[in-house]
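Colleague: Throw the hints in and build the complete structure from the sequences for me.
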Amino acid sequence: MLSIKNIHANIEGKEILKGINLDIKAGEVHAIMGPNGSGKSTLASVLAGREEYEVTEGEVTFLEKDLLELSTEDRAREGLFLAFQYPVEIPGVSTTNFIKAAVNEKRKYQGEEPLDAVAFLKMMKQKMALVEIDQSLLSRSINEGFSGGEKKRNEVFQMAMLEPKLAILDETDSGLDIDALRIVANGINKLRNENRAILLITHYQRLLDYIQPDFVHVLYNGKIVKSGTKELALELEERGYDFITDEADLAASL
Amino acid sequence: MTNVNYFKDQFEQLQDSAPESTITELRTDGFNTFNKSGLPTLKLEEWKYTNISSLFDKDYQFANAPQQLNADDLDEIRLAGHEAANELVFVNGRFIPALSTIRSAASQLVILPLEEAAKGSHQALVKKHLGQSSVYLKDGIHALNTSFIQDGMFILVPKGQQLEQPVYIYHISDARQQNTLSQPRSLIIVEENAKLQLTETYTTLGTAESFTNEVLEMVVKENAFVEYYKIQHDGLNASQVGSTHIHQVGKSYVHTVVVSLNGGVIRNNLNLVLDAEGNETHLYGLYLLKGNSHVDNHTLVDNKRPNCFSNQLYKGIADDSSTGVFSGRIIVQPDAQKTNAYQSNKNIILSDKATINTKPQLEIFADDVKCSHGCTVGQLDEEALFYLRARGIPKAAAEVLLLEAYAADILAQIKPEALRNHVAELIYEHLSIS
Ligand SMILES: Nc1ncnc2c1ncn2[C@@H]1O[C@H](COP(=O)(O)OP(=O)(O)OP(=O)(O)O)[C@@H](O)[C@H]1O
Ligand SMILES: [Mg+2]
Chain D
1 MLSIKNIHAN IEGKEILKGI NLDIKAGEVH AIMGPNGSGK STLASVLAGR EEYEVTEGEV
61 TFLEKDLLEL STEDRAREGL FLAFQYPVEI PGVSTTNFIK AAVNEKRKYQ GEEPLDAVAF
121 LKMMKQKMAL VEIDQSLLSR SINEGFSGGE KKRNEVFQMA MLEPKLAILD ETDSGLDIDA
181 LRIVANGINK LRNENRAILL ITHYQRLLDY IQPDFVHVLY NGKIVKSGTK ELALELEERG
241 YDFITDEADL AASL
Chain F
1 MTNVNYFKDQ FEQLQDSAPE STITELRTDG FNTFNKSGLP TLKLEEWKYT NISSLFDKDY
61 QFANAPQQLN ADDLDEIRLA GHEAANELVF VNGRFIPALS TIRSAASQLV ILPLEEAAKG
121 SHQALVKKHL GQSSVYLKDG IHALNTSFIQ DGMFILVPKG QQLEQPVYIY HISDARQQNT
181 LSQPRSLIIV EENAKLQLTE TYTTLGTAES FTNEVLEMVV KENAFVEYYK IQHDGLNASQ
241 VGSTHIHQVG KSYVHTVVVS LNGGVIRNNL NLVLDAEGNE THLYGLYLLK GNSHVDNHTL
301 VDNKRPNCFS NQLYKGIADD SSTGVFSGRI IVQPDAQKTN AYQSNKNIIL SDKATINTKP
361 QLEIFADDVK CSHGCTVGQL DEEALFYLRA RGIPKAAAEV LLLEAYAADI LAQIKPEALR
421 NHVAELIYEH LSIS
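These protein sequence lines map, in sequence, to chains D and F.
Position one of the first sequence corresponds to residue 1 (full-length UniProt numbering), numbered consecutively onward.
Position one of the second sequence corresponds to residue 1 (full-length UniProt numbering), numbered consecutively onward.
Careful, some of the hints might be misleading.
[Stated by the list, open to error] Mimicking DMTMM-like on lysine to aspartate or glutamate, the simulated pairs with C-alpha atoms at most 25 Å apart in a straight line are:
(1) K395/F with E112/D
(2) K100/D with E382/F
(3) K346/F with E383/F
No lab work stands behind these hints, which were simulated from the structure alone.
Modeller: So this is what it looks like as structure tokens:
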């Protein structure tokens, strides 16, 4: 579904991604871990099409299309979804209207009729139950004054509404209380299926207890320095990053 | 070039033909001022950013006879909620009673041609209040309106009349044959304990140029309540100087919203004279500029008595090669202790070629006052734009969503729902066409 080959990316002239390779197949769940500042969100932004990042080398194929050639909105309408690490507050734009516009833009792109009000509300109700999000939040402006946890829940709600083929969840677990983490993780698990791939960016094993990944990767200094199965995450939890990063630093210095 | 000789001829003809009244003298004063000052140029501080005199290169003419329009021509122009409104029509600057519909009872609302009011039982009111704006607006373009007061309009909301039906004024310029100069003039008196909701809008027919030079004077008495809306969404061939002068002579409440969407060169003067203790005034403005549009909002709040409150919020967006100007002047006279006067002007620039000039002016001569002002010029929030696009909303639509959100708090100040929804639609369409 997604194939990343040797991606290098700069921001403001500074190289952040230094040759990333990653293949994700339909139905798989991949987790990316790694120290702060290693480039995890940068990778997510490059995939979603944030224009400030300049891709200097490499290629990305998404569902047989050259992803880097597509605009941000077309990537979304092709089925790529990014749950933001820091969801943006947009005063004056109602969450419900925004989600309705997003759902219908996607349908239009795929040659489907827009949902009428009744069908849309029905879908909303169903997906709201999935992540146990309150109606009152959705009638407010997008993320305006939402608590950290409410913002994350709203991201997963949008994922549920947009039914993406590939969902990139950037630290969706951080800021959630214990109950919310369980609820949101359960919601994500329910969205897991053989046609959908998920890329989880996280710092914590806790999330991976709920959502068991097929693969775990460690991103360090703009590169994937180690890949493994879910046992790798357990090992990291126990030993920290040092045993991997020291090795990577040593390799880089040679 | 429409030159001084043209206006001189026209003025003399008018003075010869129009019946003698209190207005005759006013016109003479106006013409003397116009003769002396000419049209304002960029050299005048108050006209530094807006060039009106060059517009007159376009050879504007007064329309000779009132153009033939019928009620059907109006259908395209009517504002939402018109079914319940008093609809007053000006064509080429002249009030046309035959095209107007007055739905309120005569005891609730008096509407007369200005000349008639100046002769009849309202003579004293006209004499006292017509022309008071000249104390504040001393330039030649204002004087030009005064020089040619004819077929103006007089509105009186008598004591205690809480008018339920709003008043809509449609200004139509017929530029189908020639470049047209329209100079509407109105005097409005809202008496004690009365309530008036007034909306003005402007439409140019045809493709030649129109210039509307309007003066509206309003007197608001004790315990009266006024909502005033001005909706400017005319063609790019339509320019205007619109002066609204509101004199709060008794403790009263005035709420104004000026929305400028499409147009050529627009200059709005909005004067509020707070001439009684405890007056309350709210001034809101929204300008959404594209193409070569130029919109200049000059506000003046003159606090003459103690304990008055005023709040101003003007917001603008400038795209393409457009220019927005905001100049907000607040005067606090020595007698106006305990004045509360606030002003804020916020702008978003969407293009390198767009310009915003913003200038607050506070002149405070009393010591126990609370005044504040602030202005900002910023850009569209890139983070928000990316967020919307990352959900599949195309860039252009995402920008419209954000701009609508930006305009929402001013839009919300249009209190009648039908009118507000109508303006919301105009805004949406205006922003959606690139
Ligand atoms: N606009 C920018 N200008 C300069 N440097 C930037 C910019 N954006 C990101 N960076 C840098 O890029 C590096 C990678 O940042 P990124 O957000 O991808 O890290 P991350 O792995 O997601 O970290 P975290 O775990 O803290 O979320 C950091 O050193 C960051 O400071
Ligand atoms: Mg990050």
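Colleague: Next, verify each hint and record whether it holds.
Modeller: Here is what the structure says about each hint:
1. Between K395/F and E112/D, the direct Cα distance comes to roughly 21 Å. Compliance with the 25 Å bound is thereby established for this hinted pair.
2. Between K100/D and E382/F, the direct Cα distance comes to roughly 21 Å. Compliance with the 25 Å bound is thereby established for this hinted pair.
3. Annotation: proposed proximity of K346/F to E383/F holds, straight-line Cα distance about 19 Å (limit 25 Å).
Comparing the model with each earlier hint shows no violations; every hint is respected.
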